[in-house]
Amino acid sequence: MTEKPGIISIRNVSRRFGTVTAVHTVSLEIGEGEFFALLGPSGCGKTTLLRMLAGFESPTEGEIVIAGIPMLGVDPNRRPVNMVFQSYAVFPHMTVEQNVGYGLRVTGVARAEAAERVKEALSLVKLGGFEGRMPSQLSGGQRQRVALARALVKRPKVLLLDEPLSALDAKLREAMQIELVRLQKTVGITFVIVTHDQDEALSMANRIAVMEAGRVRQVAAPADLYEFPNSRFVAGFIGKLNLFEGRVAGVQDGKLALDIKGLDRIAVPFDGHASGEIAIAIRPEKLRLDRQPSAADRIGVRGRVSEVAYYGNESHVYLKTDDGTSVTANVPNSARSTRPTIVVGDELWASWDAADTLVLTE
Amino acid sequence: MQNWRRNKFAFSVLFLPPAAWLVIFFTLPLAIVWVYSFGARGPLGEIILDWSAVSLGNYARSLEWINLEIVAKSIWIAVVATAICIGLGFPLAMGIAFASPRYRNILLLLVILPFWTNLLIRTYAWIAVLRERGHVNFALEWLHDTINGGLAVLGLPALLGAFEPLQLLYNQNAVIIGIVYVNLPFMVLPLYATLEKLDRSYLEASLDLGAGQWRTLFSVTVPLSLPGISTGVLLTFILALGSFLTPDLLGGPDSIMIGNLIAQQFGSARDWPFGAALSFLLMYATFIILWVKAMVAKREGGSAF
Ligand SMILES: Nc1ncnc2c1ncn2[C@@H]1O[C@H](COP(=O)(O)OP(=O)(O)O)[C@@H](O)[C@H]1O
Ligand SMILES: [Mg+2]
Numbered sequence: 001m002t003e004k005p006g007i008i009s010i011r012n013v014s015r016r017f018g019t020v021t022a023v024h025t026v027s028l029e030i031g032e033g034e035f036f037a038l039l040g041p042s043g044c045g046k047t048t049l050l051r052m053l054a055g056f057e058s059p060t061e062g063e064i065v066i067a068g069i070p071m072l073g074v075d076p077n078r079r080p081v082n083m084v085f086q087s088y089a090v091f092p093h094m095t096v097e098q099n100v101g102y103g104l105r106v107t108g109v110a111r112a113e114a115a116e117r118v119k120e121a122l123s124l125v126k127l128g129g130f131e132g133r134m135p136s137q138l139s140g141g142q143r144q145r146v147a148l149a150r151a152l153v154k155r156p157k158v159l160l161l162d163e164p165l166s167a168l169d170a171k172l173r174e175a176m177q178i179e180l181v182r183l184q185k186t187v188g189i190t191f192v193i194v195t196h197d198q199d200e201a202l203s204m205a206n207r208i209a210v211m212e213a214g215r216v217r218q219v220a221a222p223a224d225l226y227e228f229p230n231s232r233f234v235a236g237f238i239g240k241l242n243l244f245e246g247r248v249a250g251v252q253d254g255k256l257a258l259d260i261k262g263l264d265r266i267a268v269p270f271d272g273h274a275s276g277e278i279a280i281a282i283r284p285e286k287l288r289l290d291r292q293p294s295a296a297d298r299i300g301v302r303g304r305v306s307e308v309a310y311y312g313n314e315s316h317v318y319l320k321t322d323d324g325t326s327v328t329a330n331v332p333n334s335a336r337s338t339r340p341t342i343v344v345g346d347e348l349w350a351s352w353d354a355a356d357t358l359v360l361t362e
Numbered sequence: 001m002q003n004w005r006r007n008k009f010a011f012s013v014l015f016l017p018p019a020a021w022l023v024i025f026f027t028l029p030l031a032i033v034w035v036y037s038f039g040a041r042g043p044l045g046e047i048i049l050d051w052s053a054v055s056l057g058n059y060a061r062s063l064e065w066i067n068l069e070i071v072a073k074s075i076w077i078a079v080v081a082t083a084i085c086i087g088l089g090f091p092l093a094m095g096i097a098f099a100s101p102r103y104r105n106i107l108l109l110l111v112i113l114p115f116w117t118n119l120l121i122r123t124y125a126w127i128a129v130l131r132e133r134g135h136v137n138f139a140l141e142w143l144h145d146t147i148n149g150g151l152a153v154l155g156l157p158a159l160l161g162a163f164e165p166l167q168l169l170y171n172q173n174a175v176i177i178g179i180v181y182v183n184l185p186f187m188v189l190p191l192y193a194t195l196e197k198l199d200r201s202y203l204e205a206s207l208d209l210g211a212g213q214w215r216t217l218f219s220v221t222v223p224l225s226l227p228g229i230s231t232g233v234l235l236t237f238i239l240a241l242g243s244f245l246t247p248d249l250l251g252g253p254d255s256i257m258i259g260n261l262i263a264q265q266f267g268s269a270r271d272w273p274f275g276a277a278l279s280f281l282l283m284y285a286t287f288i289i290l291w292v293k294a295m296v297a298k299r300e301g302g303s304a305f
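Residue numbers (the numbering used here), protein chains in the order written: chain A, 1 to 362; chain B, 1 to 305.
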């Protein structure tokens, strides 16, 4: 994917609004047929980047190439991409059929062919039989399907989706996640989706670019992003963390020796460069709780239970260590018999495998 | 609101004065005029009210050919003026609505600015612009002389001949220009209100789907601003139909309107009953137009305005 240019090449693109830099020297290659997510907190520049792909904003600096064609000065109506807007923007004065057919009518596609394609697109999004409805007679989820069909009927090289699920309720959102993945597999084109919801990005995308304040912090497959985040920001934005501050004591044969506040000297596998102040982190579900000191081959910390939150499938146990650090462990309730026996005030050892330690140099 | 109404004293103190004002200075005179419309003109112009024989004669008279012609002319002038108002007002309102927020209020202020000057003065200003020795003709004369002078310098004969000033005033075109000028803000403001609220992503979606700017304008922007368009059209049409001052000052023999006819009855003709009947017919027509608009709006689920 990295050796040949993708369907979308974003090269050193920046976009400034007055003094605000919404997008800051972003470079990305997005491959053909990828389901690519732009993930980041609100205001980090995701929508601006997407709108530059669609042609509604132009880069202040840098270059965007789509399907081998530089997009500088190319109007939105001449780009081989289509967009599903956050508000869906389904035309309220047109029926479902007219909405979906609009993009074909305005570009002069023959009537018979257009009718055929509209029908096909509507059945693709499971809206067959809704042709004559007005948007006001549709639910939010159905309107979104109209917006999808309206974009897909154009057979774009890339489909852009801005927070497509944010307006749906939780149940519908999960169903639509699966639906979008199915759609993308069916049509086989590149999807670029913008979201601030990590679960959405993790569950749908093949690759994710995590953005912070206009910059791309990391681009990786979901599992790599979760298990090997390159910075505190990415680690903290994707999933929960237990963070420990410390110092590098030395490096020897692929292991990093660290002095961590509240822990003994520990050694963790590491193959990068690190020195000075550093942080390590461990995901809550990778912790194991014991009533005795943990095995010597694991990294462990003692704490007192300050709170237990029961979620049915798992329990979140909040510990306070002797020096006041908070540690959270997620314990799966994997059998009926493991019903929570941990209560507030218990003294427990939380431990983890050294290989699961996230070393965060940034 | 409900609680406030329950306080009878406060309610009546605040409500009575404006209500009394409306009744004494608006409803009562209107009622009197309505009664007059069933009377007859005496030989000396006095009003004869004979209740034993209530007469619809004045209403019948307004259907006479000569009066219908004036009505038709008024409608024609109002239609043309309204059409020109849309043609000018839509791009204007779009320009303001899509301008950067910094300039939007200044531009809106410029639209409303003429209201700060008396209509009479503004209409006289148009006379100064349009008359035979007015600004338009001055400008044309200057252009004419410059071209002729230029030709003379080149040693060519003065091709354009002597300057003939255009007759711009005291005709139907002057009336239409005047009415368009007076009513344009009433078209621009409702259009602006609609366009400003219009979700930009509809327009972007249209462009995204491959439509050009013009196609987007006619297939998306205009249909979605229909509520504003109909309000603007209605306002300008009703106001134009009832014009009096503009045709009175700028008009000529070809441009008498209903307003002038009514004014004549209350003035030189001294036929108040006929004038009253004409006034009420104009008012009924206005009400019918407003009612139709309200019904249409109700059926479409929006508010009347
Ligand atoms: N048209 C604009 N004018 C001025 N500032 C803008 C404009 N669009 C976006 N911004 C600013 O750029 C930043 C990024 O916005 P956006 O791309 O919408 O973020 P996101 O979609 O990630 O929430 C924000 O600070 C926002 O205020
Ligand atoms: Mg956004």
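Source of the hints: derived by calculation from the structure; they are not laboratory data.
Honestly, I wouldn't trust all of these hints.
[Unchecked claim] For lysine to aspartate or glutamate, the following DMTMM-like pairs were computed, each having C-alpha atoms within a straight-line distance of at most 25 Å:
#	chain 1	residue 1	chain 2	residue 2
1	B	Lys197	A	Glu307
2	A	Lys157	A	Asp169
3	B	Lys197	A	Glu163
4	A	Lys240	A	Glu131
5	A	Lys157	B	Glu204
6	A	Lys320	A	Asp356
7	A	Lys261	A	Asp197
8	A	Lys185	A	Glu212
Status of the hints after comparison with the structure:
For the suggested pair Lys197/B and Glu307/A, the alpha carbons sit about 50 Å apart, so the restraint of at most 25 Å is broken. Between Lys157/A and Asp169/A the alpha-carbon distance is near 30 Å, which puts this suggested pair outside the 25 Å criterion. Under the criterion of a C-alpha separation no larger than 25 Å, the hint pairing Lys197/B with Glu163/A is consistent with the structure, at around 22 Å. Proposed proximity of Lys240/A and Glu131/A is contradicted: the alpha carbons are some 45 Å apart, above 25 Å.
Annotation: proposed proximity of Lys157/A to Glu204/B holds, straight-line Cα distance about 19 Å (limit 25 Å). For the given pair, Lys320/A sits about 21 Å from Asp356/A by alpha-carbon distance, which is consistent with the 25 Å threshold. The straight-line distance between the Cα atoms of Lys261/A and Asp197/A is roughly 32 Å, outside the 25 Å bound, and the hint therefore fails. Under the criterion of a C-alpha separation no larger than 25 Å, the hint pairing Lys185/A with Glu212/A is inconsistent with the structure, at around 29 Å.
Violation of the numbered hints given earlier is confined to hints 1, 2, 4, 7 and 8; the remaining hints are satisfied by the structure.
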